[in-house]
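Participant: Each chain is listed here by its residues.
There are 4 protein chains.
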Amino acid sequence: MSSTFGNVFRVATFGESHCKGVGAVVDGCPPQIPLSEADIQAQLDRRRPGQGKITTDRRESDTVAILSGVENGLTLGTPIGLLVPNRDQRPGDYAEMRNIPRPSHADYTYQMKYGIRAASGGGRASARETIGRVAAGAVAEKFLSLAWGVEIVAWVSGVGELSAPAPDLGTITRDMVDQALVRCPDPASAGQMTEIILAAREAADSIGGVVSCVCRNVPPGWGEPVFDKLEARLAHAMLSIPAVKGFEIGSGFAGARMRGSAHNDPFVLRGGQLRTRTNYSGGIQGGISNGEPVWFRVAFKPPATIGRAQETADFDGNPAVLAAKGRHDPCVVPRAVPIVEAMAALVLADTALIQAGRAAGFPG
Amino acid sequence: MSSTFGNVFRVATFGESHCKGVGAVVDGCPPQIPLSEADIQAQLDRRRPGQGKITTDRRESDTVAILSGVENGLTLGTPIGLLVPNRDQRPGDYAEMRNIPRPSHADYTYQMKYGIRAASGGGRASARETIGRVAAGAVAEKFLSLAWGVEIVAWVSGVGELSAPAPDLGTITRDMVDQALVRCPDPASAGQMTEIILAAREAADSIGGVVSCVCRNVPPGWGEPVFDKLEARLAHAMLSIPAVKGFEIGSGFAGARMRGSAHNDPFVLRGGQLRTRTNYSGGIQGGISNGEPVWFRVAFKPPATIGRAQETADFDGNPAVLAAKGRHDPCVVPRAVPIVEAMAALVLADTALIQAGRAAGFPG
Amino acid sequence: MSSTFGNVFRVATFGESHCKGVGAVVDGCPPQIPLSEADIQAQLDRRRPGQGKITTDRRESDTVAILSGVENGLTLGTPIGLLVPNRDQRPGDYAEMRNIPRPSHADYTYQMKYGIRAASGGGRASARETIGRVAAGAVAEKFLSLAWGVEIVAWVSGVGELSAPAPDLGTITRDMVDQALVRCPDPASAGQMTEIILAAREAADSIGGVVSCVCRNVPPGWGEPVFDKLEARLAHAMLSIPAVKGFEIGSGFAGARMRGSAHNDPFVLRGGQLRTRTNYSGGIQGGISNGEPVWFRVAFKPPATIGRAQETADFDGNPAVLAAKGRHDPCVVPRAVPIVEAMAALVLADTALIQAGRAAGFPG
Amino acid sequence: MSSTFGNVFRVATFGESHCKGVGAVVDGCPPQIPLSEADIQAQLDRRRPGQGKITTDRRESDTVAILSGVENGLTLGTPIGLLVPNRDQRPGDYAEMRNIPRPSHADYTYQMKYGIRAASGGGRASARETIGRVAAGAVAEKFLSLAWGVEIVAWVSGVGELSAPAPDLGTITRDMVDQALVRCPDPASAGQMTEIILAAREAADSIGGVVSCVCRNVPPGWGEPVFDKLEARLAHAMLSIPAVKGFEIGSGFAGARMRGSAHNDPFVLRGGQLRTRTNYSGGIQGGISNGEPVWFRVAFKPPATIGRAQETADFDGNPAVLAAKGRHDPCVVPRAVPIVEAMAALVLADTALIQAGRAAGFPG
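One line per chain: the protein sequences are A, B, C and D, in this order.
Per the numbering used here, the first sequence starts with residue 1, numbered consecutively.
Per the numbering used here, the second sequence starts with residue 1, numbered consecutively.
Per the numbering used here, the third sequence starts with residue 1, numbered consecutively.
Per the numbering used here, the fourth sequence starts with residue 1, numbered consecutively.
Certain hints may be false.
As the list makes no split between identical chains, a pair holds if one copy fits it or if it spans any two.
Cross-link-like lysine to aspartate or glutamate pairs, in silico, EDC-like; alpha carbons within 20 Å at most [unchecked claim]:
{"no.": "1", "residue 1": "LYS142", "residue 2": "ASP316"}
{"no.": "2", "residue 1": "LYS20", "residue 2": "ASP39"}
{"no.": "3", "residue 1": "LYS20", "residue 2": "GLU71"}
Rather than coming from a laboratory, the hints here were simulated on the basis of the structure.
Assemble the whole structure, with the sequences as input and the hints as a guide.
Facilitator: Take a look at the structure:
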């Protein structure tokens, strides 16, 4: 609950923008998994700010230390403590905002909920909160990859009005995604997206976008109906990411416009296994994975912190004009790609262990 | 987990299509709340089959009995047992399907997960599973209504290609919604939706749709960041409903196409309180309610069980043709309206109690 | 939480003394386990009142119905609904107690906590609450027995000042335990215990006792350190049983008086496996089972409801004299034996599934 | 689960003996509570090794850093990260034990459970694991003290065969407890206990003991029946502490020998409130606090690691002789006092927030 996620494979994260550090405790990771800081750093590097002209220029190396749970390069089965110190803090940037809650940011709601809030405004609503997720997700991914061959790849599929053509779900890789800073594997779209983001930045504005994700090699049987259907856990995970406003699995909202005869995924024998001819279901039926790729899309709103002046009100209700001075991203989706992958990994790892227990629990 | 939902206000549901009954245990409902079977029956009646030509004609009175937790018309604070016996069972309808997994249904995945499945196919994937949710949700609603004045209203906002114009979120009521069997409060759209559904039924086919929902009078401060943001819990709840493929809060996927300057909800003093001029945020910022109406949309795919012949494969991979004989809905959204309301209520009740504890926990 | 117990193998119970019924929902029981009402009834029969002169003469057949989750005699992996209707209710017996909280009963605390309480006084503090535990525990036992060969046997080892000699932990059976109504397998002690109980009853008084329990064939590796050590989960389970005041595992409080050189259990090769020569550890080291029998003791206080007059105060603080008229047990331990077994089974089943998931989660 | 404890007030701990550090994440602590590292350090200092001749001479300053969740000396309501670096590591001390599992330690069970174990043997079975508990417990105590005036005091009440006379539960303080290194407030007993411990150390042996604890000013109404009775949560918490073999609340095992007429706590008006004349119940009835002091005892076995030679077997089953070279405590109870207090605080804080939510949840 709150800053804890998962049941058997569980993570607790901590840290806000201007404290000593951010991090996570991963509890329930299976033992004997090769794990080093480099495994985790790779995804943190994809998430960190300062990656180029389309992201914020806050400078953070975001170097992770494994505090516990790993010895001689192998997980012990005990909690894995992960810490990333905060370095480049400029709380002064936020001085003006003490009295004016940023529109569509969390300053107001944190104040109403807790009666107090961090100097930086929204506290845990800072993007730095997601470091703990990405670090923990990298651990989950290592387990999923070694134990089940699961592959998780996310990419930017939309920025503003532009939607990129869908890549082949069976072959898309992170390398392809990372060819462009904007993390869209379609080169033409990537170029246009970059233009859109730069235009927003020049206008001291921001822009929304969509991240798509596929999880391959998820075996049939993962997901716990009724309330912990695999898509329900994924939706929970994705909507918990800052700035997310929507989630679609498989056909999604387009599926709501279809007839059953077109939408149903007929079974067919392929490679000696029962597979489906189409995959409108998104790899899940009745809340349980069916062996097809699990694919979904996540909608991100435009960042709330913008440089251009906004007419709003201060905490006392007096009219006020706010123009943010802090460093901020004009568009979050390029950096959100590893966050989406991390959250998918956390859901799948937890689900995998629960189903493995059920399947193995009856040895006779 | 699995068939349990919620932390402090918690429900466990049980029952499949052809067993003795379906129901729920509500654990953690506050004491001294007036509650009778009639409070619950009202929503069950809106959910039950046989409501008219656009729903299945399976006949079930779906009469609920309160087994425990209520005395002299008041909740005791102890678990509330709720039971709805099953009556109109025709397992014979499912005989043909023993060997052919229905496309896009849960027959195959239940078999792969559990190595066994109910006579009716998907077991808990039956629509009857949702009775437990609706019954428990009605209890949650009673609490939310009396304690906080919360009002939850859902309606059908889309069927197939048709989208109805949005009603006024501040004034829409269940009475308005129930004027038409299809549960769309816009009369013109309701008529067209009915046509679309009947056309699908005549074609022995099915059709998808969208349910919208608003929760009014949610006070500022509900929702537990980071991982249990209010929208994340709602997304989890909604994607756990059978046939749901998507969830959007506030601006949703449309918000991903907008710029921040247009999307941000500026603050304004209204009625002596800080409110927002627009509500693209959907009443939630940083995972915490801000006092504005919480509104969201849920996409339902077309029902998988259709009368028309489908080319598919049996469990052994042999080509097979399936034409379902069971009674089934051509479109689920009219009956899904109370289910969406129930799940929203379960999320809000749990969230309310956690925040109330925090707020009251520091009496000094 | 509250009336829910367990993580992966989870039970939610409901029902108080004078409502329609008591029962449980078992969520997470593995599929394909042979299960019938007879499996459950056997333990309910050992728990029910009216078994003879040393128990209450409230008459309840306590007949269980499986509402869901089982088809053709096999579990489906879906929630198992269990219901036992209440029949022999005499709320009139409790009329006098409306204004006088019974000393050491839960009337006062339920009133303070909930601001309301059931006609019968303590509501869920009624002994009938334990029916749900016993029913759910019988399901857990069936799984543990078939999947792992686990055997759980509890017995009465003390009544009042009398302690019975310890039986052989490796061979004691329920048949041996049930030779005497008092459920002490040592015939001489059983006779004396019966005398002690009858003497208490004749004095319109009550008497405490101790239940011991052994769990055999628990494989090494069960239990989740740090906070969910196997003994911690067992202690939680046992202290949740009404009237329990203490729990000891292995050497227990006597171990606190020993030196390490005497208390340590040295390893020895036996039957090709590393075993321990002694078992002061109670089959658990570091919170994890070590393959030796898990054994523990549970202290039950004398029942609070007694026929003899007690000088106390009413809810307003006025001096009052209370002499209970209800039917009640002079000593709970004979009927507590199946309750202790049930709670042990619920802990072990949950623990088994979590460890099985960990062990199987890394197939390579 | 595992290294996570609590529902609403929740802690996740991490760290073993020879990694970079140990610590905890406290999630769900209410906001606006004054908190500094000094608040936490006080209890860590009472727990740390090297306090004198009766404890291990491992040197650790055990200095805590608050990583997050506190700003300007006040809690933010966000997760509080706590870190204590490890310094004085001598893994060489454990070299011999790689092949010989220490009797009654966790080397064998960790190996069986995880298939791997830390260089130090039992990994999280190290006493250093308890640092995270004590640090988190100090946070819980600060909240309980300020919000409710709760006072928690534990002391050593037994070492070996010696039991100290009970202090007055209403007035005993930590200052009184800390008068002697052995933490027994009865001076005569403290002296004898010290003798017993030194004698054990001289014999290269160890000795068990008992810690008693009282929690004052717990208001009526805390504790969640059925399964989360206050005493059940306390038992769970205490049995999760390394080396604990038993738990008694109120009358405990002695209560099992009593008659109801002697054991019942009659009500009486005192200070305008309904109180009880005696307190055999231990401040809890039906799982709910009744306003009287909550008091309980915890049995600790003698430490398993002893210097004297023990005949045992190595991992392969070959006979072996083990004489531990590591630094270890001859008796854990003096240092266990703050651990017992910490675990009691964690239980009470969680319970308080849940009940506060219930009580406040129905404002009308």
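Participant: For each hint, tell me whether it holds in the structure or not.
Facilitator: Structure-based check of all given hints:
Taking identical chains as interchangeable, the C-alpha atoms of LYS142 and ASP316 are never at most 20 Å apart, the minima being 49 Å within one chain and 32 Å between chains. Within a single copy, LYS20 and ASP39 get their C-alpha atoms only as close as 23 Å, which misses the 20 Å cut-off; across copies the closest is 18 Å, which meets it. Proximity of LYS20 and GLU71 under a CA criterion of 20 Å is satisfied inter-copy only: 11 Å between copies versus 25 Å inside one chain copy.
Hint 1 alone, counting from the list given before, is not met by this structure.
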